[in-house]
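Engineer: One letter stands for each residue in the lines below.
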Amino acid sequence: MEKEFTKLFELFIAASLINNFVFTRFLGLCIFFGVSKKMETAVGMSITFTSVMVISAALSWLIYNYVMIPLDITFLKIVIFIGVVAAFVQASDTIMRKVSPGLYYKLGIYLALISTNCIILAVPLINAGERYTFIESLAFGLGSGIGFALALIIMASIREKLELADVPAPFKGLPIAFVTTGLIALAFTGFSGLITL
Amino acid sequence: MSEEVIKLPEEKVRYRDLIINGIVAENTIFKLAISLCPAIAVTNSLRNGFLMGIAVLFVQTMVNITVAAFRRFIHPRIRLPIFMLIISGWVSVADMTMAAFAREAYKQMGLYIQLIVAFASILARAEMFASKNRIAPSMFDGIGMGLGFLFALVVISFFRELLGRGSLWGLQIIPTKPLLIMILPAGGFLAVGILMAFFNWIDARYLKKRTVHH
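In order, the protein sequences belong to chains F and Y.
Counting in our numbering, the first sequence runs from 1 upward without gaps.
Counting in our numbering, the second sequence runs from 1 upward without gaps.
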């Protein structure tokens, strides 16, 4: 039991820090650069992202193992996963609007943005590729979500300051954001080798 | 810019302009800055960057052709799910072809090939261009956008492999490894940032008057 827990913890740390989606796997960059200009949006995005990621990891695990493997249609996994994720996001959009308009007003816009985001799709694909168990998939989804949130919040706090900095004209805007991310990624390289799975 | 392209009568849209538009004016990576994930993930060697670019070129062109061919049958209200279905179908084709014929490269970049399905640029072209134009212009638009992407990936991976490993396409050119950081993950961000700044600089300096009209 304890050994299993340790493994889950390792998986979580590996997904959030060592193989951080933004800094080492380079996924979700469009959103990362798009919403990291302000702290408030970054926090809202992080919350929405993490919850969608965990739930879609669970959903797609169930579908992969109980529908696709018995029917022998795993070759359709790209088509099916994107359908599942998009349908789930659409459904939660509708439910949230009816049940909790306040929350919808705050987070609804992010929900619309992430329906076809590459991270959300990458989690089910990696889960299927690595043949994780159900609990492991959840740990991986949660770790990835937290890792992405961490990246967004670090970047947002830097970029709020960067707005005031005197940047050479050609580097204004995105290029300097890229260079900054490169430097953070360099720092994250330090986590590699922390845990070997 | 793209709005103008669509509104023009079709005979006036010259195919050459469509291709140049994709490579220069609306270059996915350097100008629009979307679909950036693979631009950094697979560009640590020239060969991977090239293969990825070819896969995107193929998917973009085929999606544009398919969407243009079926545009009269797709009901506007359900068009996005249909487009996604078409895109994921063609991505599956590219994915399986790659898995069968380029095993080594596929091991390194299989995940990113599968994730072409989530590219904003491909969906955007299907929605903005192919769903409103005939097959031939849509095909050339797809080729243009794909070539623009391929060009960006080749440029980035050229510098990263040359500086990081001192080689090109696996062939050793410089005996040392001048800048090891370039093949690390961090180097990808730095390379894209610096190249973007470089293109901005060229734009500001030489191409100020040449805004793109069609």
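Hints were generated in silico from the structure; no laboratory data involved.
Yeah, the Cβ is synthetic: ideal placement off N, Cα and C, and Gly gets one too.
Treat the hints loosely; a few may be bogus.
Said to hold, decoys possible - Pairs of lysine to aspartate or glutamate residues, derived as DMTMM-like cross-links and limited to a Cα-Cα distance of at most 25 Å, are as follows:
| id | chain 1 | residue 1 | chain 2 | residue 2 |
| --- | --- | --- | --- | --- |
| 1 | F | K3 | F | E130 |
| 2 | Y | K31 | F | E136 |
| 3 | F | K172 | F | E160 |
| 4 | F | K38 | F | D72 |
| 5 | F | K38 | F | E160 |
| 6 | Y | K107 | F | E40 |
| 7 | F | K37 | F | E136 |
| 8 | Y | K107 | F | E160 |
| 9 | F | K172 | Y | E104 |
| 10 | F | K161 | F | E40 |
| 11 | Y | K107 | F | D166 |
| 12 | F | K37 | F | E163 |
| 13 | F | K98 | F | D166 |
| 14 | Y | K31 | F | D72 |
| 15 | Y | K132 | Y | D203 |
| 16 | F | K37 | F | E130 |
| 17 | Y | K31 | F | E163 |
| 18 | F | K3 | F | E136 |
| 19 | Y | K31 | Y | E104 |
| 20 | Y | K177 | Y | E127 |
| 21 | F | K38 | F | E163 |
Unchecked claim - Among the chain F residues that face chain Y by a calculated CB cut under 7 Å, a handful are:
| id | residue |
| --- | --- |
| 22 | F26 |
| 23 | C30 |
| 24 | G34 |
| 25 | L164 |
| 26 | V167 |
| 27 | F171 |
| 28 | F178 |
| 29 | L186 |
Engineer: State for each hint whether it applies.
Structural biologist: These are the hints, each one checked on the structure:
Taking the CA atoms of K3 of chain F and E130 of chain F, the gap is near 19 Å; set against the 25 Å cutoff, the hint holds. Between K31 of chain Y and E136 of chain F the alpha-carbon distance is near 40 Å, which puts this suggested pair outside the 25 Å criterion. For the hint pairing K172 of chain F with E160 of chain F, the CA-to-CA distance comes to about 14 Å; that is within 25 Å, so the pair holds. Note on K38 of chain F and D72 of chain F: the hinted pairing is violated, with a Cα-Cα distance of about 46 Å set against a maximum of 25 Å.
Distance restraint check for K38 of chain F and E160 of chain F: the Cα-Cα separation of roughly 6 Å lies within the 25 Å cut-off, and the hinted pair is therefore satisfied. Using a Cα cut-off of 25 Å, the hinted pair K107 of chain Y and E40 of chain F is violated, with the two alpha carbons roughly 39 Å apart. A C-alpha spacing of about 33 Å is found between K37 of chain F and E136 of chain F, which places the hinted pair above 25 Å, so the restraint is violated. Of the supplied pair hints, the one linking K107 of chain Y and E160 of chain F is violated, its CA atoms being roughly 39 Å apart against a limit of 25 Å.
The suggested pairing of K172 of chain F with E104 of chain Y is violated, with an alpha-carbon distance near 39 Å, which exceeds 25 Å. Between K161 of chain F and E40 of chain F the CA atoms are separated by roughly 14 Å; this keeps the pair inside 25 Å, and the hint holds. Using a Cα cut-off of 25 Å, the hinted pair K107 of chain Y and D166 of chain F is violated, with the two alpha carbons roughly 43 Å apart. Taking the CA atoms of K37 of chain F and E163 of chain F, the gap is near 9 Å; set against the 25 Å cutoff, the hint holds.
Distance restraint check for K98 of chain F and D166 of chain F: the Cα-Cα separation of roughly 46 Å exceeds the 25 Å cut-off, and the hinted pair is therefore not satisfied. In summary, the hint linking K31 of chain Y to D72 of chain F is not supported, as the alpha carbons are separated by about 42 Å, beyond the 25 Å threshold. The suggested pairing of K132 of chain Y with D203 of chain Y is violated, with an alpha-carbon distance near 31 Å, which exceeds 25 Å. The hinted pair formed by K37 of chain F and E130 of chain F fails the criterion: a straight-line CA distance of about 34 Å is larger than 25 Å.
For the hint linking K31 of chain Y to E163 of chain F, the alpha-carbon distance of about 21 Å falls within 25 Å, and the restraint holds. The straight-line distance between the Cα atoms of K3 of chain F and E136 of chain F is roughly 13 Å, inside the 25 Å bound, and the hint therefore holds. Using a Cα cut-off of 25 Å, the hinted pair K31 of chain Y and E104 of chain Y is violated, with the two alpha carbons roughly 32 Å apart. For the given pair, K177 of chain Y sits about 44 Å from E127 of chain Y by alpha-carbon distance, which is inconsistent with the 25 Å threshold.
With a CA separation close to 10 Å, the supplied pair K38 of chain F and E163 of chain F stays within the 25 Å bound. With its C-beta approaching chain Y no nearer than about 4 Å, F26 of chain F sits inside the 7 Å limit, and its interface hint holds. Checking C30 of chain F against chain Y by beta carbon gives a least distance of about 5 Å; that is within 7 Å, so the hint holds. A hinted interface residue such as G34 of chain F counts as satisfied when its beta carbon comes closer than 7 Å to some beta carbon of chain Y; here the least separation is about 9 Å, so the hint is violated.
Interface hint status for L164 of chain F: violated, as the beta-carbon distance to the closest one in chain Y is roughly 19 Å, over 7 Å. The criterion of a C-beta within 7 Å of any C-beta in chain Y is not met by V167 of chain F, whose closest approach is roughly 10 Å, and the hint is violated. At its closest, the beta carbon of F171 of chain F sits 5 Å from a beta carbon of chain Y; the interface hint therefore holds under the 7 Å criterion. Residue-level restraint check for F178 of chain F holds (minimum Cβ-Cβ distance to chain Y is 3 Å; threshold 7 Å).
The criterion of a C-beta within 7 Å of any C-beta in chain Y is met by L186 of chain F, whose closest approach is roughly 4 Å, and the hint holds.
Of the numbered hints given earlier, the model fails hints 2, 4, 6, 7, 8, 9, 11, 13, 14, 15, 16, 19, 20, 24, 25, 26; all others are met.
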